[in-house]
Amino acid sequence: MSQYVAPVRDMLFVMQELAGLADVGALPGWEEAGAELAEAVLEEAGRFAGEVIAPLNVVGDREGSRLVDGKVVVPAGFAEAYHQFVEAGWGGISSPEAFGGQGLPQLLAKPVTEMWKSACLAFSLCPMLTQGALEALLHHGTPEQQNAYLAKLVSGEWTGTMNLTEPQAGSDLSAVRSRAMPEGDHYRLFGNKIFITWGEHDVTENIVHLVLARLPDAPAGVKGISLFVVPKYLLNADGSLGERNDVQCVSLEHKMGIHGSPTAVLAYGESAGAIGYLVGEPNRGLEYMFTMMNHARLAVGLEGVAISERAYQQARDYARERVQGRALGHESAGAIIRHPDVRRMLLTMKSQTEAMRALAYVTAAYMDQAARHPDPAERARYQSRVELLTPVVKGWCTETAQEVTSLGVQVHGGMGFIEETGAAQHMRDARIITIYEGTTGIQANDLLGRKTLREQGKTLLALIEEMRTDTARVGALDGEAFRQLAAAQDVAIKELEGATRHLIEAATVDPRLAFAGAVPYLMLLGTVCGGWQMTRAAGAAQARIAAGETAAFYRAKIDTALFYAEHILPRAMTHAYVVQHGARSTLALDESAF
Amino acid sequence: MKIVVPVKRVIDANVKVRLKADGSAVDSDNAKMSMNPFDEIAVEEAIRLKEAGAAGEIVAVSIGSDACQDVLRAALAMGADRALLIRTEAVLEPLAVAKLLREVVAREQPRLVICGKQSTDGDANQAGQMLAGLLGWPQATFASKLDLGTDGATVTREIDGGLEIIAVTLPAVVTTDLRLNSPRYTTLPNIMKAKKKPLDVVALDEFGVDTRPRLTTLGLAEPAARSAGVRVADVAELLAKLKNEAKVI
Ligand SMILES: Cc1cc2nc3c(=O)[nH]c(=O)nc-3n(C[C@H](O)[C@H](O)[C@H](O)COP(=O)(O)OP(=O)(O)OC[C@H]3O[C@@H](n4cnc5c(N)ncnc54)[C@H](O)[C@@H]3O)c2cc1C
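Line order of the protein sequences matches chains X and U.
Under full-length UniProt numbering, the first residue of the first sequence is numbered 1, with each subsequent residue one higher.
Under full-length UniProt numbering, the first residue of the second sequence is numbered 1, with each subsequent residue one higher.
Where hints are given, some of them may not hold.
Said to hold, decoys possible - To give a feel for the contact side, a few chain U residues facing chain X, derived at Cβ under 10 Å:
(1) D29
(2) D70
(3) A77
(4) W137
(5) Q139
(6) N181
(7) T186
(8) M192
(9) K195
Stated by the list, open to error - So these bits of chain U aren't anywhere near chain X, every CB distance computed over 10 Å:
(10) G23
(11) A74
(12) D121
(13) L188
(14) I191
(15) A240
(16) K243
(17) I249
Calculated from the structure, these hints are not laboratory results.
Given the structure is predicted, the values throughout are model-derived calculations rather than measurements.
Beta carbons are placed, not taken as given, at the ideal position from N, Cα and C, and that holds for glycine.
Kindly generate the complete structure, drawing on both the sequences and the hints.
Structure (C-alpha cells):
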C-alpha cells in the first residue's frame, strides 16, 4: 500500500515563485494570506491528508459504496474521517466568513484541495460537490435560502449535490426534462437524475440537492431550465429537520473506479412530488451553472494533478526498492531506478505533474486577482485569462493524468497489473476525470469556440506575448541550460501561434474544419503553457541558487524543466501539425463507412 | 493554574538525517523541521488539562533562531495562549536550556512545567530533570498518565520494569512519554486564530544567563550501514549463531 506525502515544498514554491502569493496577499481582505500562513495551512492539511484520508483510498476501492436494503453504506472509515474533516474546519477554507468559513483566497485553497484529491479521490468528491451547491446558493439564493443552508454546507455538517445529468441530457443539458410544478411558495419536482455523486448517504443528517428542472411554461432548450434547491429532509420553521422529502435513491452505479464515491440514480416525485425552492430567477438555471463552472472545472483539473502526484510517488518509491537487472554502468544488480528507461518514465510523470500543478495554481491566482484587484480593467483582464485557461486546466491536466497513471503501472512491471499493488487503482480512478464536469471534447469546444474564435484569439495572443517575454528573460540567464530551455520554448510558442491563426482562418471557411482540431488544439495549448511554467520555474530556481540557497530541490527543478523541454514540448509540433493538416481526413469518411 | 510548555524545533521525524559533506555537523539546511514530537504531546496534555478546567493559561516557550516561530505558532494553533521565543543563533546544551527555563519560570510563575522527555535531535533527556533540580521542584519524568489536583499531581511513569505511580506536590516539572496522549489535528480556524495570539521575542542576552557550551564535539559519524543478513538452514544453526556469534543467549 502506498503512502501519500503532500508535496508541500513544491506547492509552496509554485505558490510563491510562479503564482504570485505575495501579490494575492496584497489584495484587499487577504493581507493575512502570506507565506507564513500558507506554510502553516499546507503543513497541517498535508498531515491530515496523509494520516487520516490517504488510508481510506484502498479500502474505498475494495469495499466501494453499496446500496443495502435501500440504504447507502459507505466504505469503512469514510464516515469517521468525514466527521474529523468537518471538525477540523477544512470544508470552509475559501467560504465567506459570514457563514463560518475562513475566506481564504483560491491560491491557498486549491493546493489544499489537491491534497484531499491525492489522498482519496472518491472521498474528496463529497466536499467538492458540497462546495458547488454552496456556491450556487451563495451567488443566486435568496437571503432565506442562504440562512437556511449556507452555514451547514460551509461547515460540512450537511453535504450538497449537483443534479444536472439525466439519461438523455449529459453533455447537452438543454435536453433536461425534469419538471417543477408551482405550489404556493414552493415547487413540486418530478423526474430522474443519473450519475449523482454522493447523491445519497447517511454520513450527515441532511443532503442539499441542487437540481435543474423545467417550469410548466418554460421555453424549450437552454433558456427554459431553472435551478432548485431540494433538501433530503425538509426544514421546519425553526430550521430543525422535518419530513423526508420525495427524493429516493433508486440504485448506485457499478463503476470502473472511484468506488468509494456513491454515484446515485435519484428519483424525484415518485409520490406527491419533491418539494423544492426556486434559486434565482426562473429559466436562468443553466446560466447560473455556467457562473460556477470555472471553479468546478478547475477543481476537476486539479484531480489530474492530484492523482498524477499520487501515482508518481508510488512509482518512485517502488523504483527505488525493486531490484532487477544490472543497470548499464553498474557492477551488480540494483534498484530499477538505475535503468535509463525507468528514469525516463519517472521524469515523464514528474515533469508533467509539476507543469500541471503550476498552471493550475497560476489559474487559481488569476481567479483571486479577477475577484479582488482594485482596478476594474485589471479584474477584467484576469477574468478573461481565467475563462481561457479553465478548459485547458480541466482538459489537459485530466488527459495528461491518463498517461501519468498508466506509466505508474508500467514502472511497476507485472506488479502494476496486480490490484493489490495499488498502482492500477490510480489508473482506474483517473479514468472518470476526463468525462465528468464536461468531457475533454466539451472543454475543447469551449476553448476554441467561446474562448478563442469568438474574440479572434485576443486573450490568447496577449498570453503568447507574455510567454515570449518570460522565455526571453529566462533565456538570458547565465548557463547553457537556460539557452536550451528558451530555444525549445520559443519553437513551441511559434507552433501555438501558427495553429491559433490557422484555426481563426479555418473557422471562417467552415467551422467544422476548426472544430475537428479542437482537442489537439487544447492539448497543444496545455503542453505549451506547461512549458512556459516550467521555464519560469527554472528561472526562479536559478535565482534562489544565485542567492546562495543550496537545496537540491532547485537544481532538480532546472533539470526537470529541461526534461520537459526535450521530451514533452516537442509534442507541441505534433499537435500543431494535426490542427493544421488533420481536419479534412477527420471529416472525410461517410458515416456509413465507420 | 498557569502551565509553561517548552517546545523545540527539530528535524522532522520522517526525514532521514545525514551529515554534511565535510562531516562537521548534521545537515539541517533545507530539511523539513517540526516540533519535537514529545513536546507536541506536552502541548496536547496542557490543552487537555485546560479543557478539563484543571489549568488556566498555557505559555509555550522556544529557544533558538527566528525560524522557531513556526513551532510556536503551531503550539498556539493547537491551543496554547501565548508564546515566548528566546532568540539565539547558538545551539544550546541541556543545562543552558534549563537555566533559561528557570528564568522563564521566575517571570511567569507557573505551577506546572510540562516538557517532552527528550528531543529527537540531541536525545539527551536532561533538560526537564535539570530544570527541576535548579528550581528545587519535584519532577515526574516519562509520564504516561497525569492527574492534576490543586496542590499536587498523580503521575504514572513508564519505567523499565513496568509502570510506577507517584504523587508530586506542585509546583512541579513533568516530562512526557509517548503514550501520554495522541496530539490532535489542528483545525483550520485555530491556525487562523493563532496568527493573532501574542508571540513575544526576547534576545537571549537579556536573561543574563551563562549559556556557554561545556562540551566539545570531537567528531561525528553516520551509523554503520546494516550489513546483509544470512539465511540459516535450521533452528539449530540459528541457536548456535545467537549463542556463539551474537552472544545474546
Ligand atoms: C462517476 C460519475 C459521476 C458523475 N457525477 C455527476 C454529478 O454529480 N452530477 C451530474 O449532474 N452529473 C454527473 N455525472 C455526469 C457527467 O457529467 C456526464 O456523464 C458527462 O457530462 C458526459 O455526459 P454523457 O455521459 O451523457 O455523455 P455524452 O454527452 O453522451 O457524450 C458521449 C461522447 O460524445 C462526445 N460529445 C458529446 N457532445 C459533444 C459535442 N458537442 N462536441 C464534441 N463531442 C461531444 C463526448 O465528448 C463523449 O465522448 C457523473 C458521471 C459519472 C460517470
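Closest C-beta approach of D70 of chain U to chain X relative to 10 Å, hint status:
holds (7 Å)
Can we trust that I249 of chain U is non-interface, i.e. its beta-carbon lies farther than 10 Å from all of chain X?
holds (33 Å)
Would you assess whether K243 of chain U, listed as outside the interface, keeps its beta-carbon beyond 10 Å of every beta-carbon in chain X?
With a cut-off of 10 Å, K243 of chain U remains clear of chain X, as the shortest Cβ separation is near 32 Å.
Taking 10 Å as the limit, does the beta-carbon of N181 of chain U come near enough to a beta-carbon in chain X?
Hint violated; N181 of chain U Cβ to chain X Cβ min 16 Å, cut 10 Å.
Since I191 of chain U was said not to touch the interface, does its Cβ keep a gap of more than 10 Å from each Cβ of chain X?
Contrary to the label, I191 of chain U does not stay out of reach of chain X, its closest Cβ about 5 Å off (not over 10 Å).
Was A74 of chain U rightly flagged as not at the interface, with every chain X Cβ beyond 10 Å?
violated (7 Å)
Go through the hint on D29 of chain U and say holds or violated, using the shortest Cβ distance to chain X against 10 Å.
holds (6 Å)
Proposed interface contact between A77 of chain U and chain X, which counts if any beta carbon pair is under 10 Å
For A77 of chain U, the interface hint holds, since the closest Cβ of chain X sits about 7 Å away, which is under 10 Å.
Given K195 of chain U as an interface hint, is its Cβ closer than 10 Å to any Cβ of chain X?
Holds, about 6 Å.
Given M192 of chain U as an interface hint, is the shortest Cβ-Cβ distance to chain X below 10 Å?
holds (6 Å)
Assertion that G23 of chain U lies outside the chain X interface [Cβ separation over 10 Å]
The claim holds: G23 of chain U sits with its nearest Cβ about 17 Å from chain X, beyond 10 Å.
Just double-check D121 of chain U for me: nearest Cβ-Cβ distance to chain X has to come out over 10 Å.
holds (19 Å)
Hint compliance for this structure: hints 4, 5, 6, 11, 13 and 14 are broken, all remaining hints hold.
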